[in-house]
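Peer 1: Sequence:
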Amino acid sequence: MKRKKTLREITCVVFLLVAIILLFYWYATQNRERIKEWNKIYAADSARIKAVQIDEELSNALNRINTYAYFVGESLAGIEVDSQTLKKIQENAVFDAILFTDKNGKDYAVDGRTTNAAARPFYIDGIKGESGICIIFDPYFFDETMMDFYTPVYYNNEIIGVLRGAYLAQEYLKEMLATTYFGEEAHVFLCTREGKVVASSNDQAYQGNLLERLVEDNVIDKETAQKAKVAFEEGGQQVFLCDSDSKTDNICVTYLPENEYVLVQTFPKSVTQDMINAENLVGFRLEAAMIVLFVIYIIIVLIQARQEKKKLEQENREMGYIIDGINTLFARFVIVDLEANTYQYLAGTKPENDGMSVRGNYHEIQKYLCSLILNEQEREEFSKAIEKNALIEAMKEHNDVRFE
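Sequential numbering from -8 applies to the sequence shown in my numbering.
Treat the hints loosely; a few may be bogus.
Stated by the list, open to error - Capping the alpha-carbon separation at 30 Å, the derived lysine-lysine pairs in DSBU-like fashion look like this: (1) Lys79 x Lys94; (2) Lys187 x Lys27; (3) Lys375 x Lys387; (4) Lys220 x Lys27; (5) Lys79 x Lys119; (6) Lys213 x Lys31; (7) Lys300 x Lys260; (8) Lys220 x Lys260; (9) Lys302 x Lys341; (10) Lys187 x Lys300; (11) Lys260 x Lys238; (12) Lys165 x Lys78; (13) Lys238 x Lys31; (14) Lys238 x Lys220; (15) Lys94 x Lys78; (16) Lys78 x Lys27; (17) Lys27 x Lys119; (18) Lys31 x Lys218; (19) Lys97 x Lys119; (20) Lys165 x Lys260; (21) Lys218 x Lys165; (22) Lys379 x Lys358.
Rather than coming from a laboratory, the hints here were simulated on the basis of the structure.
Full structure from sequences and hints, please.
Peer 2: Take a look at the structure:
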């Protein structure tokens, strides 16, 4: 019995410890999901602000080339724009280069070089009177991707060509794309709708489709890349959580508000992991404190149990002395629970009547004791005296009640 009791107590302790560990695991899991969701919202807000900033800068650059074109048109004495005119504009311009394409599609640089740009989108749209932004991945005069801002030039209310202000895309956009989260650099890209990278915050060259490259580098998983591809096609802003094996925590795809370019941002996984570790550390400390308190409680219970055990052993020893003394006077004795209406023979004694149980209903022993009295009147009197309610009333006023 003692061994079983000890085993039961050990089982309870182990169960409680396992329950605490499982609760901590549940807390860590919920904490991880909560932080990922928070960072997803945070990344979306940050990307939205960055998209607005870049959009405003592109709009300002387009306004500047419109202004330059207006003054060029006002200052011309004929329909020709020579390299000297372009050079004067470039000396005071914020663009990396100023270029001009005449009505026939001949493109001019400030150093006198020329080429045919009749097939370029900026010429096709500009000669129609449209202004806009054009990304040139294979420029004729430069070795890097260019971002051109173009607008038509008017002379006597007629379009005589297209003026362009050009930036080296990577140098122009790198600082604008730079983003950090809690000191960790996030990789940000400005792409075309087809997924080609115009510029990136990390100065790295990306050939082909950005999403395919990110999958190859294990930055994002294939499923997330497929979702992001749909976001490229649909527009707006969407954020996707990546799987646990990816190098980034989430990826945000955001269209610029006024221009059809796409901002792509990957959220640093290390930031999320650091936040999770910091939160879990707090939970671990709380868990450790609970375990320490639990151990202290167990120790106190064990000490109290030992003290109680010693007390019970002493009381049992004294009761043993009493019972031994009583045994010299009586052959058997019974304890009666008047509330439960039961009796039980103690210390291994049993009724003289073999047909009577050692324990049972009080009415049975009452009947049995009365049967030992031969005189009918005395038996009735004794039966009334040991009725349960009669004994209760008698014991209210006396420490003991005796019958001889």
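Peer 1: A separate judgement is required for each hint: does it hold in the structure or not?
Peer 2: Hints, verified against the model:
Simply put, Lys79 and Lys94 have alpha-carbon atoms about 21 Å apart, close enough for the 30 Å limit, and the pair holds. Straight-line distance between C-alpha atoms of Lys187 and Lys27 comes to about 28 Å, which keeps the hinted pair within the 30 Å bound. For the given pair, Lys375 sits about 17 Å from Lys387 by alpha-carbon distance, which is consistent with the 30 Å threshold. Between Lys220 and Lys27, the direct Cα distance comes to roughly 22 Å. Compliance with the 30 Å bound is thereby established for this hinted pair.
Distance restraint check for Lys79 and Lys119: the Cα-Cα separation of roughly 26 Å lies within the 30 Å cut-off, and the hinted pair is therefore satisfied. Pair hint Lys213 plus Lys31 holds up; C-alpha atoms about 19 Å apart against a cutoff of 30 Å. The suggested pairing of Lys300 with Lys260 is violated, with an alpha-carbon distance near 58 Å, which exceeds 30 Å. Distance check on the hinted pair: Lys220 and Lys260 sit about 21 Å apart at the alpha-carbon level, within 30 Å; holds.
For the suggested pair Lys302 and Lys341, the alpha carbons sit about 29 Å apart, so the restraint of at most 30 Å is met. With a C-alpha separation of about 81 Å, the suggested pair Lys187 and Lys300 falls outside the 30 Å cut-off, and the hint is violated. Proximity of Lys260 to Lys238 is assessed by CA-CA distance (about 6 Å); at most 30 Å being required, the pair is judged to hold. Taking the CA atoms of Lys165 and Lys78, the gap is near 26 Å; set against the 30 Å cutoff, the hint holds.
In summary, the hint linking Lys238 to Lys31 is supported, as the alpha carbons are separated by about 15 Å, within the 30 Å threshold. The hinted pair formed by Lys238 and Lys220 meets the criterion: a straight-line CA distance of about 19 Å does not exceed 30 Å. At most 30 Å may separate the alpha-carbon atoms for a hinted pair to count; Lys94 and Lys78 meet this at roughly 20 Å. For the given pair, Lys78 sits about 53 Å from Lys27 by alpha-carbon distance, which is inconsistent with the 30 Å threshold.
For the suggested pair Lys27 and Lys119, the alpha carbons sit about 49 Å apart, so the restraint of at most 30 Å is broken. Simply put, Lys31 and Lys218 have alpha-carbon atoms about 15 Å apart, close enough for the 30 Å limit, and the pair holds. Taken as a hint, the Lys97 and Lys119 pair is honoured in the structure, with Cα atoms around 16 Å apart against an allowance of 30 Å. Between Lys165 and Lys260 the CA atoms are separated by roughly 22 Å; this keeps the pair inside 30 Å, and the hint holds.
Taken as a hint, the Lys218 and Lys165 pair is honoured in the structure, with Cα atoms around 26 Å apart against an allowance of 30 Å. With a C-alpha separation of about 12 Å, the suggested pairing of Lys379 with Lys358 holds against the 30 Å cut-off.
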